[in-house]
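Q: Here is what each chain is made of, one letter per residue.
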Amino acid sequence: MTVSIGAKFENSFERWFERHLRVLMLAPAMLVLLALTIFPSIYMIIAAATRISPNPDLPWQFAGADNFLRLLTDEQFHVGLWNTLVFTVFAVGTEFLFGLGLALLLDRYIRRLNFLKTILMLPMMLPPVAVAITWKLIYEPQFGVLNEIMFRLGLPLQAWAGDVRLAMFSVIVADVWQWTPFMFLLMLAGLASLPDEPYEAAAIDGASAWRQFWDLTLPFLKPVIAIALLLRIMDALRLFDLVFILTGGGPADRTKTLSLYIYQVAYRFADPSYAAAISLFVLFTTVAFSTWFIKRMRLAD
Amino acid sequence: MVRRFLFSVVFALSSLMATHAWADITVLVPSGSEGDGLRAAAADYAKLKGTKVEIVQAPYSNVFEQAANAGQTKSGAFDIVLMDDPWIPFFAENGHLEDLTPYFKKAGLEGPDSDFLSKSLAVCRNPYNKGPYVCLPYVGNAQMFFYDAAKFKEAGVEAPKTWDDVLKAAKALSEKGGGRYFGYVFRGGQGNPVVADFMPIFWSYGADMFNADRTKVTIDTPEGAAAMKTFMALRDVSPKGVESYNANEVGQALAAGTAASSINWPNWVATFEDPSQSKMVGKISYSPIPAGTKPGSSEIGHWTMGIMAAAKNKQEAFDFMLWATSPEQMKISAQRGNPPVRKSIFTDPSLTGQEKFRHYPVLMQAIEASTPRPRHPKWPEIENAFGIELSKAVAGTETPEEALKRSQAAVEEITGIK
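Residue numbers (the numbering used here), protein chains in the order written: chain C, 879 to 1179; chain V, 149 to 566.
So here's chain C without its partners, still in its complex pose (with noise of 0.2 Å):
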């Protein structure tokens, strides 16, 4: 009787597991995801339309809206804004290029030189806030090395990352030293896997070397070049450590980005609410671009 029972139990307990097992499966990494992805989330939405004092015994209060009007007038905000997407641009598109070209001249000699694909990747591994230590070091205007060179090739010093005019400059310099070899691996990885045929047709046709460039090669390369402009640009947007480092926003608010205002609204103003609303600003507009983006390039085909 007794075995019959465990038995029993035992079977409906492995058909119940059989049944669940999906859900079985998924159920850690649904419990991650919630933890710290859904609540975080859910959590700052509530923050952005509140109010939160950072006195604790005092409650939070309802502001609707508030936090997201104050973005409207806030000439910080846009300042961070502006300077985001000046910096998204030219030091994405700068990437974009110099790993295509490279790619372009070393495609052909990469396998016979493969120690030049490790050196050219070293930027990439190392973290950002080596890169950033590293680059202000370089351009340090009394004891940096940059200005060392300009020295004894008897050109004017100058101030770099302290300058304003040169200030954003040698901020995308430094994030196109370390972002070009994820460009230049990823074209690489493209210009790999093409097929021969086109251009052994389009070589009997006569097609100039431009003209398989514009006509195969681009057109071949399209899904890699959405992906990696995809990933740089959603980086890009995020900045924060470089400028952290570098100049702390300055000179004159020049490289004061958003990731970076966020933090000082949240943590140096401790006003988490308005920071929420900052940030949910943020995510929504990358989250638009990049499904424009995907739609556009028809990355989902």
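Everything labelled a hint here was simulated from the structure, so no lab data went into it. Note that the structure is a prediction, hence the values are computed from the model and not measured. Where a beta carbon is used, it is the ideal one built from N, C-alpha and C, also for glycine. No incorrect hints appear here.
Pairs of lysine to aspartate or glutamate residues, derived as EDC-like cross-links and limited to a Cα-Cα distance of at most 20 Å, are as follows:
#1 V/Lys460 x C/Asp935
#2 V/Lys442 x V/Asp368
#3 V/Lys553 x C/Asp952
#4 V/Lys222 x C/Asp1149
#5 V/Lys388 x C/Asp1041
#6 C/Lys1014 x C/Asp1041
#7 V/Lys566 x C/Asp952
#8 V/Lys222 x C/Asp935
#9 V/Lys388 x C/Glu1026
#10 V/Lys553 x C/Glu953
Simulated DEER-style distance windows between Cβ atoms:
#11 C/Pro1101 x V/Lys222: 43 to 53 Å
#12 V/Ile565 x C/Leu1004: 40 to 50 Å
#13 V/Ile565 x C/Phe1118: 27 to 37 Å
#14 V/Gly430 x C/His956: 47 to 57 Å
#15 V/Pro275 x C/Pro918: 29 to 39 Å
#16 V/Ala418 x C/Thr1163: 44 to 54 Å
#17 C/His956 x V/Ala360: 34 to 44 Å
#18 V/Lys222 x C/Pro918: 16 to 26 Å
#19 C/Ala943 x V/Ile565: 20 to 30 Å
#20 V/Ala418 x C/Leu1004: 25 to 35 Å
Assemble chain V onto chain C, guided by the hints.
A: Showing chain V alone in chain C's frame:
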């Protein structure tokens, strides 16, 4: 099987208890000499009293962020926070700090003893110099004026007493330096750095951010304009790139002998007098902040210890603070490189007789003539806004007049004082 599992859990928990932080008190401190000094004191205290003091060290701005977060969420993560004095109004007025009055009473004291410098004690009361004590001063920082006396003499200024003297010498030295040597250098980095180096000049010309009863913002005034004029003249004789300088760059310029003068914090004395880090050992002179149209005034930058309102062991925290700020411990702290806040240590002959403490009389004078940064709970936001406008003036993207006007408007907006 179950027994084995339970045994493993108990074993893991007990080893965690033995090794991890079941500290009696947890103290949040900044990186650098101030935090290192308190860490060493905590180790001494643990040996002496058997109380385990855990020190959590973080970079300067992270200390504020972590303490504000702990206060805002009542987490009780820290019992004591070593705070920069301009943060006190934020923490005190938002209920993050414990009023120390009952703890003094319980210890049979009326308050801190009279050996503490009065200006050091004033910052620990909220409202300033009037309210109850919410902290105890630990590191006696106040800005001093550092200069290369030989170079200044060469430029025809024996000992700079006023900003005009500084300008005269600095101009001559920068002109002679040919772009490789400068008469003055300052922290022009946006935010805290540029504000910290402007405030003493601002005060030297009789200007201040608010009027006495804090009912009016008073940045855009004739006194403010006079201070700004001197600040811009000093910028013109400073190295290219000061727009991004912080204390490190300024200190290094003096230590390397590429600049002749600057305002800076006293902990740089150790670097200037260390042959492994400085080319200027024994050559840098120290003085209080030069005068403008009014006597010069340093910015006070004390590190103070306060008990968090949500702390778990408040009494033990208070006992530790009282011990760490006692005359005996403060002398040890001074020997570890942190300036004291007690008269008896500043005038202790066994210290002042040593070369590395020769700046003590000047520093004590600077503290006694110091001014705190405007005491307002929204100081971090005010400093940021003022710092942006000053940075624009230094970089030349707006005129000094515009910078004052826009600073006035920004501070009015933040504080709601019109």
